[in-house]
Amino acid sequence: MQTIYTDVLVIGAGLAGERAAIEAAQAGFSAICLSLVPSRRSHSSAAMGGMQAALGNCAKGDGDCPDVHFSDTVKGSDWGCDQEVARMFADNAPIEMRRLAHWGVPWGRVVPGKGSYFKGGKLYDKEEKEENRGLINSRDFGGTAKWRTCYVSDGTGHSVLYTVDNVCAKLGVEVHDKTEAISLIHDGATCFGAVARCLRTGELRVYLAKASVIATGGFGRIYPGTTNAVICDGGGHITALNTGIVPMGNMEAVQFHPTGIVPTEILVTEGCRGDGGTLLDVNEERFMHVYEPEKQELASRDVVARWMTHHIRQGKGVKSPYGDHLWLDIRHLGEKHITGKLREVYEICTSFLGVDPIHQLIPVRPTHHYSMGGVRTNKDGAAYGLGGLFSVGEAACWDMHGFNRLGGNSLAETVVAGGIVGKKIAEFLQGAEVTFNSAVIDAEVKKQQERIQNVIRCKAGTENVYKVRAAMQDALFKGANIFRTKEGLTECIATLQETLARARKVGLKSNGLGVNPELSAALKIEGQVKMALMLSCGALNRTESRGSHNREDFPARNDRDWLSRTLAYWKSETDDLPTLKYEAATQVFHIPPGDRGYGKSEIIKADAKAESKGE
Amino acid sequence: MARSLKFNIFRYNPQDSESTPHMESFVLEETDSMTLFIALNRIREEQDPSLQFDFCCRAGICGSCGMVINGRPGLACHTKTKDLPADITLLPLPVFQLVGDLSVDTGSWFRELYDTVESWIHTKKVFDPAAPEERMEDEVAESIYELDRCIECGCCIAACGTARMRPDFLGAAGINKVGRFLIDPRDERTEQDYYEIIGTDMGIFGCMGLLACEDVCPKHMPLQNQLGFLRRKMGITALKNFFGK
Numbered sequence: 001m002q003t004i005y006t007d008v009l010v011i012g013a014g015l016a017g018e019r020a021a022i023e024a025a026q027a028g029f030s031a032i033c034l035s036l037v038p039s040r041r042s043h044s045s046a047a048m049g050g051m052q053a054a055l056g057n058c059a060k061g062d063g064d065c066p067d068v069h070f071s072d073t074v075k076g077s078d079w080g081c082d083q084e085v086a087r088m089f090a091d092n093a094p095i096e097m098r099r100l101a102h103w104g105v106p107w108g109r110v111v112p113g114k115g116s117y118f119k120g121g122k123l124y125d126k127e128e129k130e131e132n133r134g135l136i137n138s139r140d141f142g143g144t145a146k147w148r149t150c151y152v153s154d155g156t157g158h159s160v161l162y163t164v165d166n167v168c169a170k171l172g173v174e175v176h177d178k179t180e181a182i183s184l185i186h187d188g189a190t191c192f193g194a195v196a197r198c199l200r201t202g203e204l205r206v207y208l209a210k211a212s213v214i215a216t217g218g219f220g221r222i223y224p225g226t227t228n229a230v231i232c233d234g235g236g237h238i239t240a241l242n243t244g245i246v247p248m249g250n251m252e253a254v255q256f257h258p259t260g261i262v263p264t265e266i267l268v269t270e271g272c273r274g275d276g277g278t279l280l281d282v283n284e285e286r287f288m289h290v291y292e293p294e295k296q297e298l299a300s301r302d303v304v305a306r307w308m309t310h311h312i313r314q315g316k317g318v319k320s321p322y323g324d325h326l327w328l329d330i331r332h333l334g335e336k337h338i339t340g341k342l343r344e345v346y347e348i349c350t351s352f353l354g355v356d357p358i359h360q361l362i363p364v365r366p367t368h369h370y371s372m373g374g375v376r377t378n379k380d381g382a383a384y385g386l387g388g389l390f391s392v393g394e395a396a397c398w399d400m401h402g403f404n405r406l407g408g409n410s411l412a413e414t415v416v417a418g419g420i421v422g423k424k425i426a427e428f429l430q431g432a433e434v435t436f437n438s439a440v441i442d443a444e445v446k447k448q449q450e451r452i453q454n455v456i457r458c459k460a461g462t463e464n465v466y467k468v469r470a471a472m473q474d475a476l477f478k479g480a481n482i483f484r485t486k487e488g489l490t491e492c493i494a495t496l497q498e499t500l501a502r503a504r505k506v507g508l509k510s511n512g513l514g515v516n517p518e519l520s521a522a523l524k525i526e527g528q529v530k531m532a533l534m535l536s537c538g539a540l541n542r543t544e545s546r547g548s549h550n551r552e553d554f555p556a557r558n559d560r561d562w563l564s565r566t567l568a569y570w571k572s573e574t575d576d577l578p579t580l581k582y583e584a585a586t587q588v589f590h591i592p593p594g595d596r597g598y599g600k601s602e603i604i605k606a607d608a609k610a611e612s613k614g615e
Numbered sequence: 001m002a003r004s005l006k007f008n009i010f011r012y013n014p015q016d017s018e019s020t021p022h023m024e025s026f027v028l029e030e031t032d033s034m035t036l037f038i039a040l041n042r043i044r045e046e047q048d049p050s051l052q053f054d055f056c057c058r059a060g061i062c063g064s065c066g067m068v069i070n071g072r073p074g075l076a077c078h079t080k081t082k083d084l085p086a087d088i089t090l091l092p093l094p095v096f097q098l099v100g101d102l103s104v105d106t107g108s109w110f111r112e113l114y115d116t117v118e119s120w121i122h123t124k125k126v127f128d129p130a131a132p133e134e135r136m137e138d139e140v141a142e143s144i145y146e147l148d149r150c151i152e153c154g155c156c157i158a159a160c161g162t163a164r165m166r167p168d169f170l171g172a173a174g175i176n177k178v179g180r181f182l183i184d185p186r187d188e189r190t191e192q193d194y195y196e197i198i199g200t201d202m203g204i205f206g207c208m209g210l211l212a213c214e215d216v217c218p219k220h221m222p223l224q225n226q227l228g229f230l231r232r233k234m235g236i237t238a239l240k241n242f243f244g245k
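Residue numbers (the numbering used here), protein chains in the order written: chain F, 1 to 615; chain U, 1 to 245.
Bound conformation, chain U alone (with noise of 0.2 angstroms):
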């Protein structure tokens, strides 16, 4: 016998004047192999179609659906019903901006972030389309990838106790992207130029070490590994600046 699910979500539309912010409850019955994706799909077609959420690739892969899933914030694509209880409440990532309901703005949070942290490779190296490519041990491209496949979905930054209180806070998104960088041959930053960028509160030695952030990671990055390796090394360089080397 199928369960019986209730939805209870957060429901407000900033550009409806007649709108409140509250919460709402939709009934529907399980399916085999329910997500999110297709439970959220089924609401807004047969029962309210102003129903706001975010997809895009509902795979897993493009980081839109983040949400607090029964308190949780998670990618609602890849959320199984049936490892759900039958009571469900879905609410908007904290932190962003709320464009309606369960829709909020990563894009704008995150594109301030590439600027703040500069996220492309600096060199002063022209190319040239003539020449072969630099090589690269494969390790080396290995580990670049792995801390590369950050989605931008947000969890980490709803999840993060100092992000909820510092709208500056680069968060472990941003502060993983300074260690993707870091590692990579090919940008000639040095450890100083990143210490301008992540020395400071609004940085690294902004942590408070709660590491929700990797408790919350859909795709499993390793953020607590992250934090503690750029926080030592920009702990060193702290020093060799205090003592002038």
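Just chain F, same shape as in the assembly (with noise of 0.2 angstroms):
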């Protein structure tokens, strides 16, 4: 057995991860990186539209700043977001676009003069001053009071995730790709480590450091139709939710994101709004400026995505073969506009749905996106219930981002998130020393290696494991969608527990042999059913509607009885359903709880009576 050691174990080398391990390695100390794929694959690299700082360099963004950010995300989140964490986040991310900009990022620059943009449909004019010429430009998302969202051209993931590995490439932070971690190494207190599983030979290696960083992104994949890529499937939620100590945050908040193409839920960015595309009903009418005269397509993804839904709801759909959907129209836009700073939704259009986004509407409708919730840690990145263990971008339950995360917030938070977590990561390394039981090693090693002989043996049963995927999926989807309901929940945790009990009796039909993807698959199928029951009985659970959780039976956002976060446990491996705690959504309140602004809805004050208490 190959045992590699290192002072910091990142698994996942996306932004978040990648970020993190650079602080560790400036901070001297060795930084390995374990990612499924090569690293410049990872998601980070999907993300089109952009990432939000408050730079204020352009017209439309004068006299914003940190403050007006922070305001923004917390009401974004339907104020489920840690207060201190959201405040953290927007005070760095200006000084982290600039760093980026040091290390290479070609961000779009400020152009100065006049010029025009498009609102709603119609032409504005605006003008750049002079003396902003060439810094940071941004352009306008959803949810925000200022344009505020930093770009380069619709590449921004793929630009600065190429910037970052490069950086990495310069330190000597080691990226292990076509590698898998398949479970963490801990005694009960401390984390030492991973067990991996190569994936260009099949064989385990242990990886043992000091610090151990869950950074794997999203785990949407549990979802039959998501716009994360297929890597995304919570492999490291899973090592992190075997140990039984460790708990996820707010599963149930999932972002479903208005502009996924139909078909094959690939996602257009955000950015087609937000430079002034509009949503078209069947009648070809824009609808969304009647719900929301204010915002309009520009309200936060959770209130655009809800009345999209609503509004197929009426009949006012666009029937297909694949279900009804409505329109994206970034026609007015202009060719240049579209091919330039829209080049990817251009390319995706033409190539994917044979549609010329400059001549055509764009079929889309809301789309699985992003997971709010994750491996809950503190406000240091460190997680809860095991030392060393760390956790930092979408994989983790930070929490910027409560129940819904704004447009241009969750790139901007692997790279800040990043650089903070990564270091309070090399604070904790110095001085800091492990002593590794090589009886806790070598019996996690002989665990994991007896559940990959009894998966290939079928020592537990012949579910085939393609099947039980699709029973999970399709369970989340019926039940745990854009709008939920007490029925529709305890169904789908019904069908999940049925689904468990087959995940625990998956075997191979195939011989399991090297880069088997069978096993893969396989050896996460129990962890995914059990993510999927954390995120359905937080929903159940949860008797309110807040940001992206939105429950038909308890419309109204709760700020008496539900100002919280949900803590999932898997406590016993052999346990049927999770165990859900509950802890205060944030210690400090800079705002406290109100109205957004926008997405009307009923909200029970903190202080309201008792006697009006839901169910």
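Worth flagging that the hints you see were computed from the coordinates, not collected in a lab.
C-beta: ideal position from N, C-alpha, C; glycine also.
Take the hints with a grain of salt, since some may be wrong.
Simulated pairs of lysine to aspartate or glutamate, DMTMM-like, Cα-Cα distance not exceeding 20 angstroms [claimed, not checked]: (1) F:K114 with U:E139; (2) F:K509 with F:E526; (3) F:K129 with U:E137.
Over 10 angstroms on every C-beta distance to chain F, these chain U residues come out as not near it, computed from the model [claimed, not checked]: (4) M1; (5) D87; (6) L91; (7) E196; (8) G199; (9) G209; (10) L211; (11) R231; (12) G235.
Reconstruct the complex from the two isolated chains, following the hints.
Structure follows, in structure tokens:
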């Protein structure tokens, strides 16, 4: 068994993981990132639109500052976020954008002079100041008071990931790609690293580290249709939840993006609407301005996705063999803009849909997109429950997003949180010594070897992993979608419990030799179903509507009873349901709960009398 | 009436002592909007779960799924079956080490490239968190992004005559990477520094000018122009070196 030692082991080599590794490396520590794919193929690369940071360089961003960004973020979260964390994020974001510029990101820059822009299909004038020539530019995104989203055309994630990966190469941060962590090594108090499976040979390896970091991104693939890459399967979360002591935060907080294309669920960026694109219904008429007179197409994603679904339910959707959808119209932005600042959108539409967005409408509907929940950490990025374990990026519930995140805030979070948490990891490592217990390591390796052999030999049964996975995805799609009810969630949980029993009986059809993809899927199916149960149980328990969590039977946001974060534990491997606990959403209030200014909903105030309490 | 598609797929699992390289056929009924991503996943889930291939973003952005599709390197995820004949032959990309079936190791190849061309900004300046960013004209930023768009899928390398013959050839992706830093005003390297990297047969002078790289690039990168531009630039640097300026 090959055993590799490093000061910091980062599981995941997307932006958050690599950015954290850079901080450790700059402080003189060795760092290895494990990745399912070559690091530059990580899903960070697919984030097109941009990163929010209150630089305030462009005309429509004039007067912006971290306070406004913070306020937008808290409102966006529907007061579900940790306000200290959101504050740290907003304060550090501008510095991080400048650091990225120093490292080589070719940010779009301010061009002085008169220009025009579209909003709600209408043309407006603006004038950029000469004194801001060549500073980092911003575009408009949903749920923000100012134009704040820094961008590189519509390849922001790609460009930033390549830049950050270059810095990793320069600093000697190692990336072991085609390597999958399958379990954490720990003694119930301290994390010692991970057991990993090499995806070149299928062999197991042990990685020992003083600090381990879960930075594996989202887990959208537990849903049947998602904008997430196929690698966003929750593998990192599973290693954490299998410890039984590390909780997942707010798993029920799931974002649906307004503009996934139909079919194939590929995302087209919010930049389309930010740059002036509109949403149309079956009559090719706009509707968002009716529901949201103020923000229109640029209300927060949870609100736009909700209204779109509502509008389709009113019979205003466009019929198609793939179900009803709506239209995204960017035709008026013109060829130069579409093939320039929205080039990826142009390529996606032409190559996947056969639609030319310069002259044709793009079929879209709300599609699973982002996981606000994840491995619960404190504000330093340290995971609850285990020493030496950290988490960062979408994988983590750090929790600056609460129940809805704003467009452009997650890509920014990867690097901002990566920098902050990376620094904390470096501090943690200063003088930290760990005693590795070989009995703990050997026992974990043996357990994993046995698990693999059992699945290959069909010891527990011959359930087909792909069928079990489809059953899980289908249950979530039906019961834990944009609109949720007690009945739907109860049925979803019952189905998932049956699915969990089946997941425990999965056996391979193929021989399992080498980099067998069936084995990879089989090793995580039980964990995935457990995550699905955490999500649906959290959603059933939460008898209110907050951000992206919409209970049709509890339409009000209930600050009296639910200004809280769900913590889901899987206490014992053989449990059939998660254990749920709750903690306050935030320790510190800079902004008390109030009206978001969009997505009109009833609010049960924190000091409301108890008799009006729901069920 | 839907077509019946016949997929002829290269099979070999180096980790299985009983496996030998061979072609295997699978038949699928074509569905509406079918891509090779959909087709290959269906084959894996319904017919042979051991079939190895690489997809990640499945949106033509990440570059994972390069393979040889009916003789031509391309991205499988954005290849629609309706654009192909009913007989579809899929082979792994050459040049890169085979992992199994259609999966190859592009990661190691490119990681070595980053070290060879030192694909990062070389500057003596130290980042000052309190200072505003250095200014840059938007046009300059856009021209850097134009070259930064490469997704490192490896198609240009697999299609390159020189890369097939010389394992150390940087290929269009590598040379383009140098071009990206050469035009970046933040990088303080001189033309002489770049000459040290690509002024050899391993670099720009190894290119035979066949330009299949430009033909197969799924992101339509301006590789032909880049190769021409850098060849001229490095040629002039070579002359300067020869005549001592």
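Do the hints match the structure? See the list:
1. F:K114 with U:E139: Roughly 17 angstroms separates the two Cα atoms, so the pair holds.
2. F:K509 with F:E526: holds (17 angstroms)
3. F:K129 with U:E137: holds (14 angstroms)
4. M1: Non-interface label stands for U:M1: nearest chain F Cβ at 16 angstroms, farther than 10 angstroms.
5. D87: At about 22 angstroms from chain F, U:D87 clears the 10 angstroms cut-off, so the statement holds.
6. L91: holds (18 angstroms)
7. E196: holds (17 angstroms)
8. G199: Holds, since 22 angstroms exceeds 10 angstroms.
9. G209: At roughly 28 angstroms from the nearest Cβ of chain F, U:G209 sits farther out than 10 angstroms, so the non-interface label holds.
10. L211: Answer for U:L211: holds, closest chain F Cβ roughly 22 angstroms.
11. R231: At roughly 24 angstroms from the nearest Cβ of chain F, U:R231 sits farther out than 10 angstroms, so the non-interface label holds.
12. G235: Label holds. Min Cβ-Cβ 27 angstroms, cutoff 10 angstroms.
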